[in-house]
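Participant: Take a look at the letters that make up each chain.
2 protein chains.
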Amino acid sequence: MPVNYATPAAHQLFPVAGVRLGTAEAEIRKKNRRDLTLVALDPGCTVAGVFTQNRFCAAPVQLCRDHLAGGKGIRALVINTGIANAGTGEPGMLAARETCAAVGALLGIEAEQVLPFSTGVILEPLPVDRLKGGLPAAQADLKADNWHAAAHAIMTTDTVAKAASRIVAVNGKKVVISGISKGAGMIRPNMATMLGFVATDAGIAQPLLDNLVREAADASFNCITVDGDTSTNDSFVMIASGQSGARFEAGSDAGWDEVKAAIIAVAVELAQAIVRDGEGATKFITVAVEGGQDSSECRKVGYAIGHSPLVKTAFFASDPNLGRILAAIGYAGIADLDVGSVKVWLDDVLVAEAGGRAASYREEDGARVMKQAEIMVRVDLGRGNAAAKVYTCDFSYDYVKINADYRS
Amino acid sequence: MPVNYATPAAHQLFPVAGVRLGTAEAEIRKKNRRDLTLVALDPGCTVAGVFTQNRFCAAPVQLCRDHLAGGKGIRALVINTGIANAGTGEPGMLAARETCAAVGALLGIEAEQVLPFSTGVILEPLPVDRLKGGLPAAQADLKADNWHAAAHAIMTTDTVAKAASRIVAVNGKKVVISGISKGAGMIRPNMATMLGFVATDAGIAQPLLDNLVREAADASFNCITVDGDTSTNDSFVMIASGQSGARFEAGSDAGWDEVKAAIIAVAVELAQAIVRDGEGATKFITVAVEGGQDSSECRKVGYAIGHSPLVKTAFFASDPNLGRILAAIGYAGIADLDVGSVKVWLDDVLVAEAGGRAASYREEDGARVMKQAEIMVRVDLGRGNAAAKVYTCDFSYDYVKINADYRS
Numbered sequence: 142m143p144v145n146y147a148t149p150a151a152h153q154l155f156p157v158a159g160v161r162l163g164t165a166e167a168e169i170r171k172k173n174r175r176d177l178t179l180v181a182l183d184p185g186c187t188v189a190g191v192f193t194q195n196r197f198c199a200a201p202v203q204l205c206r207d208h209l210a211g212g213k214g215i216r217a218l219v220i221n222t223g224i225a226n227a228g229t230g231e232p233g234m235l236a237a238r239e240t241c242a243a244v245g246a247l248l249g250i251e252a253e254q255v256l257p258f259s260t261g262v263i264l265e266p267l268p269v270d271r272l273k274g275g276l277p278a279a280q281a282d283l284k285a286d287n288w289h290a291a292a293h294a295i296m297t298t299d300t301v302a303k304a305a306s307r308i309v310a311v312n313g314k315k316v317v318i319s320g321i322s323k324g325a326g327m328i329r330p331n332m333a334t335m336l337g338f339v340a341t342d343a344g345i346a347q348p349l350l351d352n353l354v355r356e357a358a359d360a361s362f363n364c365i366t367v368d369g370d371t372s373t374n375d376s377f378v379m380i381a382s383g384q385s386g387a388r389f390e391a392g393s394d395a396g397w398d399e400v401k402a403a404i405i406a407v408a409v410e411l412a413q414a415i416v417r418d419g420e421g422a423t424k425f426i427t428v429a430v431e432g433g434q435d436s437s438e439c440r441k442v443g444y445a446i447g448h449s450p451l452v453k454t455a456f457f458a459s460d461p462n463l464g465r466i467l468a469a470i471g472y473a474g475i476a477d478l479d480v481g482s483v484k485v486w487l488d489d490v491l492v493a494e495a496g497g498r499a500a501s502y503r504e505e506d507g508a509r510v511m512k513q514a515e516i517m518v519r520v521d522l523g524r525g526n527a528a529a530k531v532y533t534c535d536f537s538y539d540y541v542k543i544n545a546d547y548r549s
Numbered sequence: 142m143p144v145n146y147a148t149p150a151a152h153q154l155f156p157v158a159g160v161r162l163g164t165a166e167a168e169i170r171k172k173n174r175r176d177l178t179l180v181a182l183d184p185g186c187t188v189a190g191v192f193t194q195n196r197f198c199a200a201p202v203q204l205c206r207d208h209l210a211g212g213k214g215i216r217a218l219v220i221n222t223g224i225a226n227a228g229t230g231e232p233g234m235l236a237a238r239e240t241c242a243a244v245g246a247l248l249g250i251e252a253e254q255v256l257p258f259s260t261g262v263i264l265e266p267l268p269v270d271r272l273k274g275g276l277p278a279a280q281a282d283l284k285a286d287n288w289h290a291a292a293h294a295i296m297t298t299d300t301v302a303k304a305a306s307r308i309v310a311v312n313g314k315k316v317v318i319s320g321i322s323k324g325a326g327m328i329r330p331n332m333a334t335m336l337g338f339v340a341t342d343a344g345i346a347q348p349l350l351d352n353l354v355r356e357a358a359d360a361s362f363n364c365i366t367v368d369g370d371t372s373t374n375d376s377f378v379m380i381a382s383g384q385s386g387a388r389f390e391a392g393s394d395a396g397w398d399e400v401k402a403a404i405i406a407v408a409v410e411l412a413q414a415i416v417r418d419g420e421g422a423t424k425f426i427t428v429a430v431e432g433g434q435d436s437s438e439c440r441k442v443g444y445a446i447g448h449s450p451l452v453k454t455a456f457f458a459s460d461p462n463l464g465r466i467l468a469a470i471g472y473a474g475i476a477d478l479d480v481g482s483v484k485v486w487l488d489d490v491l492v493a494e495a496g497g498r499a500a501s502y503r504e505e506d507g508a509r510v511m512k513q514a515e516i517m518v519r520v521d522l523g524r525g526n527a528a529a530k531v532y533t534c535d536f537s538y539d540y541v542k543i544n545a546d547y548r549s
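Chains as they are written, first to last, in this note's numbering: chain D, 142 to 549; chain G, 142 to 549.
Watch out, some of these pointers could steer you wrong.
[Said to hold, decoys possible] Where chain D lies over chain G, by a calculated footprint (3+ residues, C-beta under 8 Å):
#1 229-238
#2 252-259
#3 281-290
#4 446-457
#5 516-528
#6 533-539
If you are wondering where the hints come from, they were derived from the structure by calculation, not from laboratory data. Backbone N, C-alpha and C fix where the C-beta goes; we use that ideal spot for every residue, glycine too.
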């Protein structure tokens, strides 16, 4: 059960003019499930993406980078679940290329105009013939209001489909933003076993979109952690079709701030949904670190807390075990941290200051906060003005169960 | 149940002349258990230690550093379990000082000649009056053949007492080495919720002992990880009484290599015992990384594998999920790693090469190795001659259970 998250209904996911989606059953790894998604883009879209930093990055990730850099204009995305096509060596690259070629032939575009994405089990070969066999059905299914179906078709261990949508009015025009994401484990910064796709019918010049996709990732998908594992396949892609008529060339353009804020809000919602549906999660935790000398050290502290199995099991147990939080702050890697200046709150409850438990702290106040489904851990490092947030979940029996059983 | 580990019997733990140990029930946190250990050292011992890098280091750790630096000669150690006296601010420092003063008064030595150690729950105040109340009984119990009782008295969540002992003959003299350790969770490099004490009746000059304690820690306690959490209280202390008559001033002295090797072997045995008794552990895993450009990058890869909850749950499930191991190698932080040169073995089974699964690999071979209680993951990075080892355990339901229940 995800923490305070339900998939938006199909009619709340607004179609984005210029973007059509279709899904099909290709039996990539299992029968009787939609595991193949095709996204067709009208000519004139700008597309930008950020990808995993894992050196064992998957074959499709390498092709995505190549095709985006190639500058031929992206006209389609193809996404399969079941098999990640990672750690598959040269045969994996050939399978990814063959996938793009097949999509290109089907849609009458070049293979280099296709971005491929795979998610699922690592090291297993991609059954490219079955994937190709499913493409015509996915093509036949292409339509603009298929976001809901696509959100379902990209799931792996996710228990709910993840999607978000916004409409903003700018410069007298209506701009639509819709997105989907997937991922539940192997989640950490830079980035996760996660796929995220956000499309808008605003027109966004390529340099502006390139910056936006990085800024949005830093505020969303790069702020989440479930288990500290960075996957081989993480990808976050933005598409701007321009068909709303609203067009942005520069950050100073009128209306850009509103559109940008709405796009980032969709990315944050999609990223948080991954944590809310984290494998075995029973609680959603925001770690807000402030008072740092720079945002990098704030993130270090946020991730030390967010990754600590001891902290996460204490959250699972609703145990206000503040010592584990302080210990994580202490080993986060700030060599000259003065622990006497550090303050820690659980929601509104000051729990630690001056190197130890706050004099005003009462265990029952901490216990009250820890019982909540959503908890804010706020840390003031007391040495500057920088801040950063990390979103995470607790660590339960079910995390072990899910990951001990995943392949069986 | 620890993995392939049983506490040596009392008679296999050899007394170290010049070192006497006594234990008592002080009701630090619970009744009816020996939770206080006193170690009395004859005059003339050299003592050296290494301590946690955690910025929230506990009050006793700060005092240990001060007293070792003070140069008055250490004459006693006092160790309590139940309460860690960490995150306790100025009152915690006062409690640790009061403990040392009480031991000093009892033994007729200065407070600055006492090293205090605490382990247990963080952020709770140390009941220093109860601790002091237990000291006379511990003093009355002091004797040279009490290593077994001391190994038991320093336990917290440990399921077995951890101890090791060796006798080596050098230069016509018999040198005894005995040690004890504790710790089961919050274990990671630099260092763990772990206490380790090793004593020898060899005489070792202070500079030589200072180097040895670091070298031994790097080969033992700094190579282990259970959950990636570095505690506030980690301490590893070596004592050299000199009463065997064998004395070493410099690394070039005859017999030193043998004594040093035996001392390091005891430290490694004590450190590995902590992993074998890791919270919820069902398997003992050695991650041996070779072919690196330096030992630092080998350790990075070793720890990425050893810390990954996905890898550790796969070991728990006896699932040869090689993809998770490759993913961990890929995100370990070697920016220019050529994954095509990496090779991975599970024991003698080559499982990955050339960026993917080895052609010769058969799933049943991997499955056979994964069922074992002891597993070697060997990684060749293919870019140099450096190597490093990390010892870890798997990640089970019981880890979550133990840590969700610890305070209750």
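Participant: Against each hint, give a clear statement of whether it holds in the structure.
Facilitator: Now the hints, each set against the structure:
no., hint, in the structure
1, 229-238, "holds (count 5)"
2, 252-259, "violated (count 0)"
3, 281-290, "violated (count 0)"
4, 446-457, "holds (count 7)"
5, 516-528, "violated (count 0)"
6, 533-539, "holds (count 3)"
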